[in-house]
Amino acid sequence: MKFLLIHDEMLNAELPIFEAPANLPRIFVFDPAFISQQGWRRRRLQFIADALSSIPAVRVFKGTLVDVVASLAMAESVPPIEPHVVTQATPNTDIQAWLAALQTVRVEFADVPAFANHTGSLSRFSKYWSSAEAQWFPKGFLNSAGQSDAPPTTKKIRSVRTLAKS
Amino acid sequence: MAITALKTTVVEFTLLADRDARYQQIRELFPEVEGADCDWNGTREAALTALANVDAPAYARTRNHLDGNVSRLSPYFRHGVLTLNEAARITISKYGASAHKFVFELAWRDYWRRVWVERGTGIHAPLEAPKVALGDLPLPEDIREARTGLACMDSFTRDLTESGHVHNHARMWFASYVVHHRKVDWRAAADWYYGELLDGDRASNTLSWQWIASTFSSKPYIFNRENLEKNTGGTFCETCANQTSCPFQSSYHALEVKLFRTAAAP
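Here the protein sequences line up with chains W and P, keeping their order. Heads up: the first sequence begins at 113 in our numbering, then just goes up one per residue. Heads up: the second sequence begins at 68 in our numbering, then just goes up one per residue.
One chain only, chain P, in its complex shape (with noise of 0.2 Å):
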């Protein structure tokens, strides 16, 4: 490792070309940064390969499932490996209107951004007033340790705390779980979202959270098991200890008088 003293507090060094030796570099140069090595090859080379597979029609048919054909761009758009606008232009000129859907996506990465150069600082307080009532509890351990005893949810989790990245679609599930079902404060949510997120981006994180909570959306985000089910394939309600006490087994309208009984002032 070629490292350079300059201040006694700075240290230069070369990055080692080997993907694994630059691994271990990082793990020795920042002993206090704890979690899991990245599974994901950040170069710039491999973001283009990635764009390059992106079949778009694909993405707008099956995207909303679990097992459906994503994207897996997001930790490149948020460090600018790739950026929006090539993204567009390269998959427009691909398939045309086919990549109506994808570019829509991408559109509401760009969108949160302005959000951000508009309201700076106060993206991190509620934008509107709530539609509904809204918990402020901390995130209690058993949603960061992966323990609630809900399949989906645990699985989630894991995924996030183990690999960085949820899908989009997983990601909305579990913010309405922890935002509505146990009523959490979603900045406490997101904060730590953001930090354990491979593709954490302040303004499409914490905006996110508020447009599940309903503080910047006309309604709050809530789903029942049939879509959960529908979009998992079933694959956690096979295997959920609590499949026959689900919190989520329930119309739209039943869940929800269970859990927005309180209207919000207004």
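Excised from the complex, chain W in its bound form (with noise of 0.2 Å):
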């Protein structure tokens, strides 16, 4: 049983994760104990679900994420088969100890397009911002009126990881 996992960063059905494979159930949690653990207030799940409800055929949950991935497989599998979750790559240490819990569930981690390709020091904003200026704002971009008609290339991050198995 495979699914598409929607967590808190990728609230929208354009994002390239969305288009394949494009029949993948989607889910999205609401996790008291996350809630709980980030100190959100009402405010943040009411936005959250204003995001949802404009993505299409998206099944919302409340319950743990152990419990709703495991709600899942054995209902929709019989037998029930080890449930794999794509979802988006994110930096935030915070979703990723969220799917740790996950023990035995194989995550995907599914490409993102990248702002800048910069790959030098991250000391300083100043060094990161002459790489993606350059890419945003080519040579002579900044002294010219005219319009910019291309983002620039853009590598994207790849981050596939299956949590370990127990």
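It is worth saying that the hints were derived from the structure and are not from the lab.
Subject to a maximum C-alpha distance of 30 Å in a straight line, what follows is the list of computed BS3-like cross-link-like pairs (lysine-lysine):
| no. | chain 1 | residue 1 | chain 2 | residue 2 |
| --- | --- | --- | --- | --- |
| 1 | P | Lys297 | P | Lys168 |
| 2 | P | Lys161 | W | Lys251 |
| 3 | P | Lys168 | P | Lys198 |
| 4 | W | Lys251 | P | Lys168 |
| 5 | P | Lys286 | P | Lys168 |
| 6 | W | Lys239 | P | Lys286 |
| 7 | P | Lys325 | P | Lys286 |
| 8 | P | Lys286 | P | Lys198 |
| 9 | W | Lys239 | P | Lys168 |
| 10 | P | Lys198 | P | Lys297 |
| 11 | P | Lys297 | P | Lys250 |
| 12 | P | Lys198 | W | Lys239 |
| 13 | P | Lys297 | P | Lys286 |
| 14 | P | Lys161 | W | Lys239 |
Both chains are sitting in their own frames, so use the hints and assemble them into the complex.
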């Protein structure tokens, strides 16, 4: 059983991860323990609910992530087969820790288009910006009245990880 | 409300189409989560409208003023409802080189996330030695409850706790006040701020507090009354009970002496 797990940083059906495979069941989980750990206020849940309402065919749950995935695995396949979760890659260590609770579940992180191709030091923003600026505003652009017709060439951040099986 | 029982600990529900009803639905499903209702429309449609309304030249000119032309897009970026790439692409397409400042600010958000990739949970500890002496006090109740007696700071706190949105310049002033004037541990303040913000993002928030504190910048961020008055139209100072004893009424040099008499150990 394979699911597209929508986390709180990917609330937009036009993101690349929603394109392929398009027929993956989409789920979002309001996990009370995660919400409490985040310290979120009610408005945050309502904002997320708004965003989810714009995404077609998403099944929304309240419960722990582990229980929701286990329930779906039991409900959707007889006999139950090991679930496989696809989600969007993120540097968000809170989300990573949350997903880590799915100890025996394969979790696949899909690519995210990069904003800029910077591979150098991150010690100061100015170093990063010199790369990003050159891509979004190529040489000569800032002195022209011209219109940009293309984003920078962006490579994708590849991060596919399978959580350790117990 | 369509609810399907799975495991006894799991509830599936269908989000209601009407926004007011949906907000009521969330209130009922999560009674333990406190706070005011959302005054922001989180749909993709609303996000695209907000993006279309960005006036990049006006943003570049006025964004530092509390009444300036700001984008109000950050909650959408935080939740992926809008992407930085589409915002930059659309704005440059519309405004050309005049979108430079707007894209510059978008890049900060990407930068913070890259630092998060590199440092992981390490962003919650000082990334560098502080350039000045920092305090380690817990967050005082008078700050949390908007009772400092400083009209500006108390207003910024109310913005935070009542709507979850604070102007970027106000965030900087507030963080500087909390960390450098009140000597609060920036981590305690950052945690509280993150939970309250509608656009709360661990990378942007935590690293911005470090930037203010000087644990991820070359110097601490401080401001004086002149700067605050200039960018607020003086509205807070006019009604402030402490206008004659304002802690920000000073030159930058005098503020540095007052706040950082004790140099940090090298």
